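Protein chains in written order, with numbering that gives the first Met the number 0: chain A, 0 to 348; chain B, 0 to 492.
Treat the hints as calculated values from the structure; they're not laboratory data.
Treat the numbers as computed from the prediction; the structure is a model and nothing was measured.
Built from N, CA and C at the ideal position, the CB exists for glycine as well.
Treat the hints loosely; a few may be bogus.
To be verified - Selected chain B positions facing chain A (in silico; Cβ < 7 Å):
no.: 1; residue: Gln98
no.: 2; residue: Ser100
no.: 3; residue: Met114
no.: 4; residue: Asp117
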Amino acid sequence: MRSRMPLYMGITFFCAAAILSVAFMFLRLNRVKSQEEENAHIYDRYYAMICDDDASSFWQHVYKGAAEAAEAHNVYVELFGANLNVDFSTDELMEMAISSGVDGIMVLGSGSTEMSRLIDNAVEQGIPVVTMYSDNDESKRCSFVGVSAFNMGREYGRQIISAWEEKLRLNPDAEDTQGAPAKVTVFFDDNNLLYDQSVILSGINDTLSREAGEGEFAVKTVAVDNSNPFSVEESIRDILMDEEVSDILVCLSELDTTCTYQAVIDYNMVGSVYILGYYDSEKILNAISRNVVFSSLAVDTSELGRYCVNALEEYLDTGNTSQYFSADVTLIDRSNVAQYLENGGDGDE
Amino acid sequence: MSKRLKSLPLSYKVSGIFIMANLFIFLVDIMLLVGINSMSVEMEETYRENRHLNELLDAIEGVQRAMTEYLDSKSTDSLSDYYISEQKYSELASQLQTQISSKTDDRMERNISYMSEDYLKKVALTIEAKRGRNVEKYRIQYEEASRLYEYIRSYIRSLNAEQFISNSIRYNSLSEDFRRFEFFAFVVMVVVFFASAFIIIRITRMLIYPLQALAKSADEVADGNLDAELPKISNNDETGRLTAAFAKMMVSIREYIERVRESMEKERQMQEKELMMETHLKDAQLKYLRAQINPHFLFNTLNAGAQLAMMEGADRTYEYVQTVADFFRYNVKKQDELVSIENEVDLVDNYIRILNVRFSGDIHYDRQTDKRLMKLKMPGMILQPIVENAVNHGIREMGDKGHIQLKVFKDEDRVYISVKDNGKGMSREDIDKLLGGEWKYEEKKGDSNGIGMDNVIARLKLFSERDDVIDIVSEGEGKGTEVIINLPYETEE
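Construct the complete structure from the given sequences, taking the supplied hints into account.
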């Protein structure tokens with residue numbers, strides 16, 4: 000009789016292989032399931048962040064800063080309304096957040112009485128509210144986290160002067176540079192005039208009057224139509240098509256800056272029109288490095304978000320917090336743009 | 000264990016193999032089925048959340064409709080509708096997540112849950128205000144509730160869309176898994192098929208192997224090789240028993256064949272003896288017949304010669320011719336049967352008488368016989384050739400000094416016939432040769448009736464079945480020779 004060893008080994012091997020592979024299949028399925036469940040993390044608090052455009056890179060970065068700061072406190076911050084497929088106004092989102100019983104709200108203030116009423120309503124229901132970027136100072140909000148608009152204006156003023164100096168240096172014989180005051184246009188938001196835009200203008204004027212000669216600069220403001228998503232671009236092109244194009248354009252929002260520099264390129268005005276931009280998106284940084292945008296001011300967005308969370312945390316923990324936080328503003332021009340580009344732009348320092 | 004397994008009947012073993020193989024396949028199938036079942040359950044579960052959200056949406060629409068109707072008509076029907084739909088909605092909403100999870104869906108559920116609570120509160124207030132006919136209050140409450148209603152609807156729809164997307168992704172990955180599982184199941188089935196086929200073949204071969212070995216041995220035996228090697232018995236089942244029985248049968252067959260062979264050998268020997276006796280006799284007859292030409296003519300001739308001698312008065316001539324005629328008649332008559340000793344002795348007398356006439360009385364013949372023994376039987380043509388031999392080789396050259404003595408006597412149960420001469424004798428070697436049958440008869444001698452001593456000795460041996468039936472004694476050269484025949488003494492014969 001031949002040896003039975005190979006036979007037994009064969010049987011054992013096949014049984015083992017079949018059972019093992021089936022077992023492996025089950026394990027794999029179960030692992031996928033449990034992984035899904037493990038990923039869910041439960042937080043202690045839930046803050047709503049409400050702004051006018053949750054898709055913009057500015058608010059995305061503010062949100063990112065806030066979320067990072069919140070994570071450390073086991074708090075979840077949600078860019079409220081971003082998951083909904085209907086676009087709601089900040090007022091409506093505010094109502095929803097209150098109704099949803101969140102633990103805290105950080106909202107882009109609008110200065111309107113309706114917003115103030117909603118903020119008061121929230122506070123009445125025990126939900127602390129922090130206004131950010133712009134304020135509703137008549138409301139019962141616990142704190143305001145913003146940018147010092149006056150400082151920002153002064154910085155823009157200084158940039159206006161250096162931009163004008165550069166233009167004179169590069170075009171000493173240009174006709175329009177002789178004698179006449181330099182024309183400066185500041186783009187203002189049209190329908191939703193932000194509270195601090197006038198403060199920025201005061202800052203600009205203050206600097207110009209202090210550091211430049213009388214009548215050297217003629218500053219005017221132009222309202223940009225912000226009523227629908229595409230009106231900004233049209234509005235800016237209309238302004239540039241005017242016969243009297245300013246020497247220096249000051250943009251106070253990311254969108255304004257982007258639209259302006261694109262229009263300047265399209266109308267072949269690079270070199271004759273100087274753009275002072277706002278924000279540090281990759282597009283804008285590239286424009287600076289290519290000399291289309293003279294310089295840009297950027298708010299430290301993550302700091303802004305962080306301050307909001309910290310203010311709410313402090314208020315909830317202690318019942319009190321500082322009334323005002325100010326996020327830093329940084330200047331980006333040719334001298335340091337490379338460094339920002341290296342970091343990938345978008346406010347990451 | 001192994002021993003017990005080995006002694007199981009073959010049918011149990013074969014059934015066992017097939018049951019085991021089927022069980023093996025069955026187990027694998029069950030495992031695959033369980034896998035497929037768990038996957039299909041999971042697939043069914045995929046859109047469960049969507050269904051729940053749709054129910055939720057229906058319910059909240061019911062609440063809103065009932066409230067609006069009640070505000071419009073203040074009917075009891077709409078109020079009861081409101082209670083029913085409110086109950087249903089709060090039940091459904093209570094199943095929603097309320098934790099602050101990192102998962103967007105969970106958070107959205109939480110918000111829906113909170114808003115729903117708020118909404119139901121506001122609806123209740125509205126209804127209450129309507130009952131209290133507080134127009135201003137219920138109008139404001141209604142507006143607030145309606146706004147919340149819109150928010151919640153929007154939330155539910157968004158969540159539904161969101162979940163539909165993620166569920167679809169999950170469904171896709173599940174169905175991909177399912178397809179992979181299908182392939183895997185196919186591979187496993189194929190492997191199992193080949194494995195079980197392999198195992199069945201191997202085990203069957205193992206079981207059939209002793210039968211094959213047995214069949215091989217049986218073929219060899221059938222081809223005539225009775226010494227074919229038999230397979231060893233390793234199993235205690237039918238094949239083992241069959242092998243054992245076959246082995247036993249082989250031993251029996253060998254023994255039987257051996258016995259048959261032995262008896263055949265004996266029979267053959269007997270037949271050979273008979274045949275040889277007949278052959279020798281025939282040989283003697285033939286030789287004798289060859290030496291005579293028409294014996295009847297010879298007898299008649301001799302008789303005629305005898306009558307002539309009587310008519311002429313020559314009595315001795317008449318007697319001689321009569322003796323010669325008798326001698327030859329005996330030879331012709333008494334060939335193929337046993338004869339009495341008396342007949343043989345008479346023949347010797349006649350022979351001596353003839354010789355003495357031929358050689359004019361040279362031979363001295365002396366006879367001493369016991370009359371009681373004369374009727375005993377013995378083969379014919381024995382004594383005359385012996386005497387002839389004694390004359391020819393012993394006393395031929397002695398002239399008238401030759402002497403032959405014939406004695407017939409009994410000693411205990413044996414009868415002895417002795418023929419003794421005083422001739423030149425024989426050497427021991429010649430005697431041994433003659434008794435051993437190595438001495439060949441030579442036909443050249445003219446004075447012989449053609450029957451040699453070897454023929455005589457052989458016939459005697461065959462007749463008596465013993466080697467010592469005849470003995471030759473000689474004390475050396477010139478001292479004569481004695482031939483002694485001994486026969487059993489059987490009376491009435």
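Okay, the hints, checked on the actual structure:
no.	hint	result
1	Gln98	holds (5 Å)
2	Ser100	holds (5 Å)
3	Met114	holds (5 Å)
4	Asp117	holds (5 Å)
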